[in-house]
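Each protein sequence line maps, in turn, to chains A and B. Per my numbering, the first sequence starts with residue -7, numbered consecutively. Per my numbering, the second sequence starts with residue -7, numbered consecutively.
Treat the hints loosely; a few may be bogus.
If chains are identical, the list can't say which one is meant, so a pair holds when it fits in one copy or spans any two.
DSS-like, lysine-lysine: derived pairs with alpha carbons at most 25 angstroms apart [what the hints assert, rightly or not]:
{"hint": "1", "residue 1": "0", "residue 2": "204"}
{"hint": "2", "residue 1": "356", "residue 2": "219"}
{"hint": "3", "residue 1": "50", "residue 2": "39"}
{"hint": "4", "residue 1": "167", "residue 2": "157"}
{"hint": "5", "residue 1": "313", "residue 2": "415"}
{"hint": "6", "residue 1": "0", "residue 2": "132"}
{"hint": "7", "residue 1": "50", "residue 2": "365"}
{"hint": "8", "residue 1": "332", "residue 2": "313"}
{"hint": "9", "residue 1": "13", "residue 2": "202"}
{"hint": "10", "residue 1": "132", "residue 2": "167"}
Hints in this document: simulated from the structure, not taken from any laboratory. Given the structure is predicted, the values throughout are model-derived calculations rather than measurements.
2 protein chains.
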Amino acid sequence: MLSTRGQKNARSDAMASYNNKQKEPYHKATNPTGEVNFANAVNYLIKDDIMNFMREQKNLIEPVHLTYNDGPAGSFRLRNAMATHINETFNPTFEVTSEHVTFAPGITALNEMVAKNLADDGDAWLLGMPCYGAFNYDLKMTTGCDIVHVTFGEVDQFGLCAVEKYEAALISARKAGSRVKGLVLCNPHNPLGHCYPVETLKALLKFCDKHKLHLISDEIYALSVFKTTDAVQPAPFTSVLSIDPTDLIDANYVHALYGMSKDFGAPGLRLGCLITRNQELTNATRAIGRFHWPSEMSSAVTIRILEDRTFATELLERGRKMLAESYALATDILNNAGIKYYKGGNAGLFIWMDLSPFLGTPTKEKDGWALEKDLNTRLSKAGVLMSSGAPYHNETPGWFRLVFSREKDLVEEGLRRVIEVVKDMKNTSSGVMRLDLEFEV
Amino acid sequence: MLSTRGQKNARSDAMASYNNKQKEPYHKATNPTGEVNFANAVNYLIKDDIMNFMREQKNLIEPVHLTYNDGPAGSFRLRNAMATHINETFNPTFEVTSEHVTFAPGITALNEMVAKNLADDGDAWLLGMPCYGAFNYDLKMTTGCDIVHVTFGEVDQFGLCAVEKYEAALISARKAGSRVKGLVLCNPHNPLGHCYPVETLKALLKFCDKHKLHLISDEIYALSVFKTTDAVQPAPFTSVLSIDPTDLIDANYVHALYGMSKDFGAPGLRLGCLITRNQELTNATRAIGRFHWPSEMSSAVTIRILEDRTFATELLERGRKMLAESYALATDILNNAGIKYYKGGNAGLFIWMDLSPFLGTPTKEKDGWALEKDLNTRLSKAGVLMSSGAPYHNETPGWFRLVFSREKDLVEEGLRRVIEVVKDMKNTSSGVMRLDLEFEV
């Protein structure tokens, strides 16, 4: 009854996590057995700040916001407000204007739109491992494109040597007939929380230029870089917009994505934007924007936030401070429990946690990935939701993405449950890690 | 540098009307030479009612609206509120629930999404002439689908005889190799403002069943049906949801579209929804919903409007009353000026106006469609924006869609300019209509 593509969409699990009503969430006083969501990457720590700001606004919605206003790319005022924000915080080498900025309802939409406009059915995108799990939907589901996942093994994927790994993967994919059209980075990295050093970015731009690849840089966590003693001399965030492309690459091949969902704690706004100097890509993306038309209500809120530079700056600073505190809280608990995690991260809302020692022993019937899934089911039954490594294309099984940007009580309770579950696993585990069984949060 | 489809998108004129900043609009006191927009179908007549309602709301935005909430199909609360509204106003033969309702940022998005999920690349859709101009983008631009436009000649396209015309077009298209997958109706009709009588709808459902066609009924103007003495015994609005499909068609082939843009005067919300009993279509549409994720801010506003049944009912009643008044005002002016228009309309926000007598004489070099374009350019230069018949696939040139749901001053000034322009044309015209040259508004 449906088209071939419709049937494929109907079979997809893209909506799986939203099909049922969400369970009542954990609350220390009112719902102590409620679910702890460590899965959705939302910075809940600045929720009250945004709510208070919104409540203070007078006449937030103006009559123009009821109309089609300036069309699907976002109003000139919205695009100007974002351009100003980018100019003040991303250190671009050119003055970003409303002409470089195109809005859509979230970067999720823009991933699809830009992938389609730059790549045809059957073309492919390079992506390092691990990567943001939903790229699998965003870049492939409706585009007909493939993803070439790049393994790094023992090589630091943020170092200069990583370029060789990308190049080897590209050459091998092209030999196998793949038409790779670009490299997609998430910087700061999701799920590793690591920023790409400027020298690595420059080398990657050169690499893209050499092979006529587009570079799409998803910078949605750009301003969520926080202080931690875990990472040794961590790289600060460097936007691709802040690197002079002269002698590196044609600026028409460099595209950044940003939005309100992470740094500003408001994914419900559904506002993301493409920032590019490629006029043709801007035109193409705006042309299909009618199918991805952002809300003028969200625009009204965002204009207020971004035009109030004092509030925006303070909100971002407070966000980083709260992230640093919550990261310290969560990692203290993990360290005390002897649970390892990726220590290079100083950005984003997540800790990439190594639960591989608690998977149990793989068998012929049940490999590590199946055991990872089992562990996730047990965690879920214990009331903790988390993304695991498989959809994030981690190279080895047993890793979990812990979103730590949650209230203190919730972080403590969630981790108590995680530790409770892996404590049970310890007995059957082939792992070698120390687990302090006496630990209590 | 772009993909083949990206280049096609970049060349599209879909964003043309939004590329430049809008000119300062007409205002009797402050900008008497400003532009009069008779093009965008927005019911400006209820603007103040909505604005006042929104200003009265306490704590409109709640913390949950900052989050991903229940995902891309719209929150359960939003879908329930819409289901209740539909149950109260559309007289459905089954109880519409949140499970039948799927939101996206406007029907524009849903046209594309549903067209893709029901039809493959190269498949086609049946559409009567004239039709809503943007179907050309929505159903074709990114879907790879074609449109088979159906001519009616002297036959009443709202009468039972129209079915023969649809059938003839279908058979002829299929003979020519076209894979027609469905019929798209806009009911009430855009641009004619006519509602489909229930008997015609039943006959069309039977026709769809006979040929295994889906029926997509765009009912965005459903509750904007107003009183006028122009239309003789006008049909009331009948939703396809209110027709018992038993003995007519499998309910899985019947789909309605509705939203907040027209009856509720708020296209800036970007909230439209699909209402269908086809679970597979719902699943497929929700699965790609991540790329068309509506705003939680818009959701918050819409929940308040739809849950306040007294306000919603009064707003709709007031909208209809204001439309009746403005229609009477505009048609009085047209009648006095001797300008003809389609008199069967009693719904929607537009008058389908016949300016064909003022086109001038077609020549070998310049046919009627070129003359229509010329006339539209002259109207635009005179400060009146209007859609003309060509993009609406009218059967003959010279027709214009006048959006009359505007403030009294603006309707009068806009029509004064229209009359001024066609008065100049009269001298060179081959038309036979009476034009009262002395008319002043």
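Hints, verified against the model:
1. 0 / 204: For residue 0 and residue 204, the Cα distance is within 25 angstroms only across copies (21 angstroms; inside one copy 32 angstroms).
2. 356 / 219: Answer is neither; intra-copy 44 angstroms and inter-copy 75 angstroms both fail.
3. 50 / 39: Answer is both: 19 angstroms inside a copy and 18 angstroms across each meet the 25 angstroms cutoff.
4. 167 / 157: Answer is within: at 15 angstroms inside a copy they meet the 25 angstroms cutoff, but 55 angstroms across does not.
5. 313 / 415: Answer is neither: 32 angstroms inside a copy and 69 angstroms across each miss the 25 angstroms cutoff.
6. 0 / 132: both (12 angstroms within a copy, 20 angstroms between copies)
7. 50 / 365: Answer is neither: 49 angstroms inside a copy and 45 angstroms across each miss the 25 angstroms cutoff.
8. 332 / 313: Within one copy, since 23 angstroms is at most 25 angstroms while 68 angstroms is not.
9. 13 / 202: neither (49 angstroms within a copy, 39 angstroms between copies)
10. 132 / 167: Within one copy, since 21 angstroms is at most 25 angstroms while 35 angstroms is not.
Violated hints, listed in ascending order, are 2, 5, 7, 9; each of the other numbered hints is respected by the structure.
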